[in-house]
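Undergrad: Kindly produce the complete structure, drawing on both the sequences and the hints.
Line by line, the protein sequences give chains B and G.
In this note's numbering, each residue carries its 1-based index in the first sequence increased by 2.
In this note's numbering, each residue carries its 1-based index in the second sequence increased by 33.
Where hints are given, some of them may not hold.
Coverage of chain B stretches by chain G, computed from C-beta distances (three or more under 8 Å per stretch; other residues unrestricted) [unchecked claim]: (1) 30-38; (2) 41-47.
Label-pair ranges, simulated between beta-carbon atoms [claimed, not checked]: (3) B:Lys50 x G:Arg102: 24 to 34 Å; (4) B:Tyr18 x G:Asp101: 54 to 64 Å; (5) B:Asp49 x G:Gln93: 24 to 34 Å; (6) G:Glu115 x B:Ile9: 46 to 56 Å; (7) G:Glu130 x B:Ile52: 29 to 39 Å; (8) G:Gln139 x B:Arg27: 23 to 33 Å.
If you are wondering where the hints come from, they were derived from the structure by calculation, not from laboratory data.
Backbone N, C-alpha and C fix where the C-beta goes; we use that ideal spot for every residue, glycine too.
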Amino acid sequence: MMKKEQINTAEQIDEYIKSRKESFREHQRQLPFSEKMLIAFNLAERDKTIRQATLLPKKSKVG
Amino acid sequence: MADIAKTISVVNRLINDRVIENYALGGATAVIFYTEPIATEDVDIFVQLKPGGNPFMEFQPIFDYLKDRGYGMKGEHFYVEEFPVQFLPTGKELLDEAVTQANEFQLTEEVIVRVMTPEHLVAVMLDTDGSKIICESAFFSKMMLSTRKFYTTS
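TA: Written as structure tokens, this is what we have:
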């Protein structure tokens with residue numbers, strides 16, 4: 003019984019997250035083109051920063 | 034704040050001043066126009082050039098025009114009103130058709146923008162293996178499926 007309730011709750015949370023994601027995407031689709039382009043460039047900048055951060059060797063803590 | 038309408042306005046002037054024949058937004062920029070923002074590092078503009086130019090320096094008239102108006106270059110991009118722009122040749126028949134048959138939208142009161150149709154975007158992406166961009170957009174994934182369905186049933 004307990005397990006079934008947990009599954010139901012997990013499914014509900016999953017559905018909620020999915021609907022939130024979709025409404026977020028829908029909101030982004032409705033933005034003016036200029037705003038969308040600024041977000042797109044910021045996303046590219048974010049990706050670049052992540053790429054650089056993960057590819058650069060870690061600094062040695064010694065010295 | 035940077036405004037893409039100003040960039041497009043400069044590109045429209047390239048047609049008015051007879052530097053290029055025609056243009057259309059393509060690639061990720063056009064996808065963003067129809068759907069939600071996805072990461073991109075430049076504004077892709079496919080241009081039909083004036084016939085009779087030097088085939089080895091086909092983009093020179095665009096470069097000269099923009100340089101004369103104070104727009105600088107960095108790497109392969111021109112910075113037009115703060116946005117990095119990449120001018121791309123049409124070359125292929127499919128790209129030529131995509132530019133010629135592009136949709137026109139009123140971006141602001143004064144600025145019209147030409148954007149490749151979703152159908153042409155999918156065709157161009159499939160032709161150039163742009164599967165990454167297609168996968169990032171639910172709209173285009175659906176469109177690709179319906180296009181495939183259309184071609185397999187007709």
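Undergrad: Each of the hints needs a verdict: does it hold here or not?
TA: Checked hints:
{"no.": "1", "hint": "30-38", "result": "holds (count 6)"}
{"no.": "2", "hint": "41-47", "result": "holds (count 5)"}
{"no.": "3", "hint": "B:Lys50 x G:Arg102: 24 to 34 Å", "result": "holds (29 Å)"}
{"no.": "4", "hint": "B:Tyr18 x G:Asp101: 54 to 64 Å", "result": "holds (56 Å)"}
{"no.": "5", "hint": "B:Asp49 x G:Gln93: 24 to 34 Å", "result": "holds (33 Å)"}
{"no.": "6", "hint": "G:Glu115 x B:Ile9: 46 to 56 Å", "result": "holds (51 Å)"}
{"no.": "7", "hint": "G:Glu130 x B:Ile52: 29 to 39 Å", "result": "holds (38 Å)"}
{"no.": "8", "hint": "G:Gln139 x B:Arg27: 23 to 33 Å", "result": "holds (24 Å)"}
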